[in-house]
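> Take a look at the letters that make up each chain.
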Amino acid sequence: AQSVTQPDIHITVSEGASLELRCNYSYGATPYLFWYVQSPGQGLQLLLKYFSGDTLVQGIKGFEAEFKRSQSSFNLRKPSVHWSDAAEYFCAVGARGTASKLTFGTGTRLQVTL
Amino acid sequence: DTAVSQTPKYLVTQMGNDKSIKCEQNLGHDTMYWYKQDSKKFLKIMFSYNNKELIINETVPNRFSPKSPDKAHLNLHINSLELGDSAVYFCASSPNQGNQPQHFGDGTRLSIL
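Those protein sequence lines, which keep their order, are chains L and H.
If you want this note's numbering, it's the position in the first sequence, counting the first as 1, plus 25.
If you want this note's numbering, it's the position in the second sequence, counting the first as 1, plus 143.
The hints are simulated quantities; they were obtained by calculation from the structure and are not laboratory data.
Remember, it's a predicted structure, so these values are computed and weren't measured experimentally.
Be aware that one or more of the hints could be misleading.
Distance ranges between label pairs, derived from CB positions [to be verified]: (1) L:S105 - H:E196: 45 to 51 Å; (2) L:H107 - H:F185: 25 to 31 Å; (3) H:E201 - L:S105: 37 to 43 Å; (4) L:L139 - H:N239: 41 to 47 Å.
Computed list of lysine-lysine pairs in BS3-like fashion (alpha-carbon distance at most 25 Å, straight line) [claimed, not checked]: (5) H:K165 - H:K183; (6) L:K74 - H:K162; (7) H:K184 - L:K74.
Quick partial rundown of chain L residues pointing at chain H, CB under 10 Å, derived from the structure [unchecked claim]: (8) Y57; (9) G68; (10) F88; (11) K93; (12) W108; (13) A111; (14) F115; (15) G119; (16) S125; (17) L127; (18) F129; (19) T131; (20) G132; (21) R134.
Ideal Cβ placement from N, Cα and C applies to all residues, glycine included.
Chain L extracted, bound-state conformation:
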């Protein structure tokens, strides 16, 4: 069974500082990996995805993530955080194949101080 661990429940960073949100997954083969962001009262917006190929993937809003097979990780990074990045971030793993369900981590709440 697939699973996702986000070890950090809550992270606070200063505006302009760099950010790294951790994600570890468990899956028997090469998974599909995603990062979604949820602002208060909103749905989930896709930040980026990894399916195959280049292990460093670029997403929207200046985010990037790196797939490391040896560490079963897919950490999300941003070089300079903006106050509008404050939200809940979810890492998810999906099985390969059509109509695969997503298994989500428990989320990391990002707070940005000015």
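Following the hints, position chain H against chain L.
Structure of chain H alone, referenced to chain L:
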């Protein structure tokens, strides 16, 4: 235009009632999903339909019954609502190809009194 739309956005009702949540997507996707997000923000798949056919049915009480009249709609009917059903329910859709991400609606916040 909203890609995945859910109605209602908020639903407050009494324990024991029956209620429905509707979901529509205008993306031309073949697959639709229902997820439940609990008070701790944990998201868990409930159901998935592909071209009106149920393909994922997680361990969900049979009080929950999804219905897909066509591939653009996936509704969720809940009978005999319980306090533990209070949550945010998200609808999502994706193309049939496995390497495409899911698009989510804004959620329906269900509160049971």
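> Hints first: check each against the structure and report whether it holds.
Hint-by-hint comparison with the structure:
1. Under the hint 45 to 51 Å, the C-beta atoms of S105 of chain L and E196 of chain H, about 46 Å apart, fit the expected range.
2. About 27 Å separates the C-beta atoms of H107 of chain L and F185 of chain H, a value consistent with the hinted range of 25 to 31 Å.
3. Taking the beta carbon of each, E201 of chain H and S105 of chain L are about 39 Å apart, inside 37 to 43 Å as hinted.
4. At about 45 Å, the beta-carbon gap between L139 of chain L and N239 of chain H stays in the expected band of 41 to 47 Å.
5. A threshold of 25 Å between alpha carbons decides the hint, and for K165 of chain H with K183 of chain H the separation of about 24 Å falls inside it, so the pair holds.
6. Pair hint K74 of chain L plus K162 of chain H does not hold up; C-alpha atoms about 35 Å apart against a cutoff of 25 Å.
7. For the hint pairing K184 of chain H with K74 of chain L, the CA-to-CA distance comes to about 21 Å; that is within 25 Å, so the pair holds.
8. Interface restraint check for Y57 of chain L: the shortest CB-CB distance to chain H comes to about 7 Å, inside 10 Å, so the restraint holds.
9. Hint status for G68 of chain L: holds, given a least beta-carbon distance of 4 Å to chain H, under 10 Å.
10. The criterion of a C-beta within 10 Å of any C-beta in chain H is not met by F88 of chain L, whose closest approach is roughly 14 Å, and the hint is violated.
11. Contact between K93 of chain L and chain H, as hinted, is not supported at the beta carbon level, the nearest pair being about 20 Å apart and thus beyond 10 Å.
12. With 10 Å as the threshold, the beta carbon of W108 of chain L stays out of range of chain H, its nearest partner Cβ sitting at about 21 Å, so the hint is violated.
13. The criterion of a C-beta within 10 Å of any C-beta in chain H is not met by A111 of chain L, whose closest approach is roughly 15 Å, and the hint is violated.
14. Checking F115 of chain L against chain H: minimum C-beta separation of about 7 Å stays under 10 Å; hint holds.
15. The interface hint given for G119 of chain L is met, as the beta carbon of that residue sits about 8 Å from the closest beta carbon of chain H, less than 10 Å.
16. About 6 Å separates the beta-carbon of S125 of chain L from the nearest beta-carbon of chain H, less than 10 Å, and the hint is met.
17. Hint on L127 of chain L holds. Least Cβ distance to chain H is approximately 6 Å, under the 10 Å limit.
18. Interface restraint check for F129 of chain L: the shortest CB-CB distance to chain H comes to about 4 Å, inside 10 Å, so the restraint holds.
19. A cut of 10 Å between beta carbons decides the hint on T131 of chain L: the least distance to chain H is about 6 Å, and the hint holds.
20. For the restraint placing G132 of chain L at the interface with chain H, the shortest Cβ-Cβ distance is roughly 5 Å, inside the 10 Å limit, so the hint holds.
21. The criterion of a C-beta within 10 Å of any C-beta in chain H is met by R134 of chain L, whose closest approach is roughly 8 Å, and the hint holds.
This entry does not satisfy hints 6, 10, 11, 12, 13, going by the numbered hints stated previously.
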